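**Student:** Each chain is listed here by its residues.
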Amino acid sequence: MVPLSWYLGLSALLFTIGAMGVFIKRNTITIFLCIELMLNGVNLTLVALSGFFGDVSGQLFVFMVIAVAAAEAAVGLAIIISIFRNRESLNVDDADTLKL
Amino acid sequence: MTTDQLLEWTIKIGVIFFILLTTVAYLSYVERRVAGWIQLRVGPNRVGPFGLLQPLADGLKFIFKEDIIPREASKWLYLIAPAAAIIPALMSFIVIPFGSSVTLFGREITLHVTRFDVALLYILGVGSVGVYGVMLAGWSSNNKYSLLGGLRSSAQMISYELSLGASIVGVLLVAGSLDLVTIVEAQGATSGYWLGFIPKWNIFLQPIGFIIFFLSAMAETNRVPFDLPEAEAELVAGYFTEYSSMKFAMFFMSEYFHLITVTSMATTLYFGGWNGPFIAEYPFLSLVYFVLKVFIFIFIFMWIRFTMPRFRYDQLMALGWKVLLPASILNLIVTATVILFVN
Amino acid sequence: MEKALFIIIAVIAVAAALNVLIQRNPLYSALSLIGTMAALSVLYVMLRAQFIAAVQIVVYAGAILVLFIFVIMLLNAPKQQLQIDKQKGLRYLAIPLAGLLLAEAFYVVWRVQDIAMPVVKEGEEAVGTTWSVGVALFTHYLLPFQVAGVLLLMALIGAVVLARREGDK
Chain Z
1 MVPLSWYLGL SALLFTIGAM GVFIKRNTIT IFLCIELMLN GVNLTLVALS
51 GFFGDVSGQL FVFMVIAVAA AEAAVGLAII ISIFRNRESL NVDDADTLKL
Chain L
1 MTTDQLLEWT IKIGVIFFIL LTTVAYLSYV ERRVAGWIQL RVGPNRVGPF
51 GLLQPLADGL KFIFKEDIIP REASKWLYLI APAAAIIPAL MSFIVIPFGS
101 SVTLFGREIT LHVTRFDVAL LYILGVGSVG VYGVMLAGWS SNNKYSLLGG
151 LRSSAQMISY ELSLGASIVG VLLVAGSLDL VTIVEAQGAT SGYWLGFIPK
201 WNIFLQPIGF IIFFLSAMAE TNRVPFDLPE AEAELVAGYF TEYSSMKFAM
251 FFMSEYFHLI TVTSMATTLY FGGWNGPFIA EYPFLSLVYF VLKVFIFIFI
301 FMWIRFTMPR FRYDQLMALG WKVLLPASIL NLIVTATVIL FVN
Chain G
1 MEKALFIIIA VIAVAAALNV LIQRNPLYSA LSLIGTMAAL SVLYVMLRAQ
51 FIAAVQIVVY AGAILVLFIF VIMLLNAPKQ QLQIDKQKGL RYLAIPLAGL
101 LLAEAFYVVW RVQDIAMPVV KEGEEAVGTT WSVGVALFTH YLLPFQVAGV
151 LLLMALIGAV VLARREGDK
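Residue numbers (our numbering), protein chains in the order written: chain Z, 1 to 100; chain L, 1 to 343; chain G, 1 to 169.
The following block holds chain Z by itself, in its conformation from the complex:
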């Protein structure tokens, strides 16, 4: 049997890699991908705890997170497309005027 702490450790590692990516990367799409990575790290924690405690709530939480991630991807990518149309750039530093 794989102990609980291994799952939690892996999810912490994935979350950290995602957070590091948000820090380092300047490309809007890559930052977005790193946010998805962080969400997945948290999802693993929830599913692991749900499995080990025998309570289905954690998995429902993951279900909701996935739904929100889908909504977020749709809106976020639409925003990226319209910023790219106006500024011809994917750099987050170019989008600093709080408007399109």
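Treat the hints as calculated values from the structure; they're not laboratory data. Hints should not be assumed to be uniformly reliable.
[Unchecked claim] Cβ-to-Cβ under 10 Å is the rule here; a few derived chain Z residues that face chain G:
hint, residue
1, Leu-10
2, Gly-41
3, Asp-55
4, Ser-57
5, Ala-78
6, Ser-82
7, Ala-95
Values in this document were obtained by computation on a predicted structure and should not be read as measured data. The C-beta atom is built at its ideal place from N, Cα and C for all residues, glycine as well.
We have chain Z; now place chains L and G onto it with these hints.
**Tutor:** Relative to the frame of chain Z, chains L and G by itself:
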């Protein structure tokens, strides 16, 4: 998990793999013969009796052709794309029940590799991952026709996946399970007949769902009249324009694998799977029924391919989003309401 | 046996996640992220959360990342645009901060008391099957479910409005 079980799985997977490869090779032959028959031509009839060795000759030709990688292509993706197309196409077969169970060597062997709780979702997931092969092939070739073909086909596959999924949910509501084996057994003789002779196949409960499923499945497999991704007259060969040799053959094969997947899904979900008369006495007949039903469907697909003209791209998208998706949601609501009142 | 499987899967997941950062072209990053998603789906199966594992593949690998790749291909940005220079200063700040975060997380994990996974009894519906998730979703969590539906509708409309060009009918 014992060694026996592991051995059984390995043998089953091997046998299914072998049968599928042979079937796919011969489907290309059957397709051309059917095309010839429908369009009053002859079709391949030179290699061997009735041209039966034609697939073999084609295979040899594919192997000996020069394998070209375009200079401007992004190499790794170009190499990965055919594999990304064919592996998901093969993966879905492990959950499809080909028959009930037979006794061989004193051991009861079920004619499906495995069954699990979310088999149907698994097939949908694996099918949706199949888009990557097409997208990557289109992008990595660095060719405008490939890119357009790749974009078109990924948009088409994503759009029609929705109505495909929504039409399947109707069956789920009727059967109350995502496990394909349970769905097939629920349509069997053990659950009785309507009016004494009509089998309890889902097609009689979900006729509209089946029509939506059928149209979306045809679009998912990129066949005429939905073959926009490789519309020869406009896009050369669509996303695999730049591919040659065995890599081209892999795309070709993955399309036929998808064809077999969707036809076996149509059989399993709507036409009672391997059910038929006398399977209790002769379990081996179940396999025959399944293969027969699948081949009838494949024939219908080919028939449509060689009699219908191609859609225009905007018509295709309008059909998917404005007709099939609302219709499938309406079907879902009606089904759910009826089930609520019947139970 | 199970531990070895976990280690293989975990290595794949972490390597794919690191590759997201290493690659300069967002297309390769997105493709690499598929590896992490698939690996996590396997871990979910190991945790007996079959339904979530299937949803992970269908939604993440089959829809969200396809959308990302679609947008990257559609934008067709020039190469230098796609590979914006990384800011060197931030990188030197990021690595110690990441180390700190990781150290903190591992300290917490190290303090976690290990418990055994509950055994599924015969005739009892296991946690994680479609049945158990469905029952919980449509009874106890009905309101969040409906809110999620409204959220998805809002996202749908918002995406259409945002991505539409000015003057499109």
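**Student:** Could you tell me which of the hints above the structure violates, numbers in ascending order?
**Tutor:** Going through the list in order, the structure violates hint 7 alone and respects the others.
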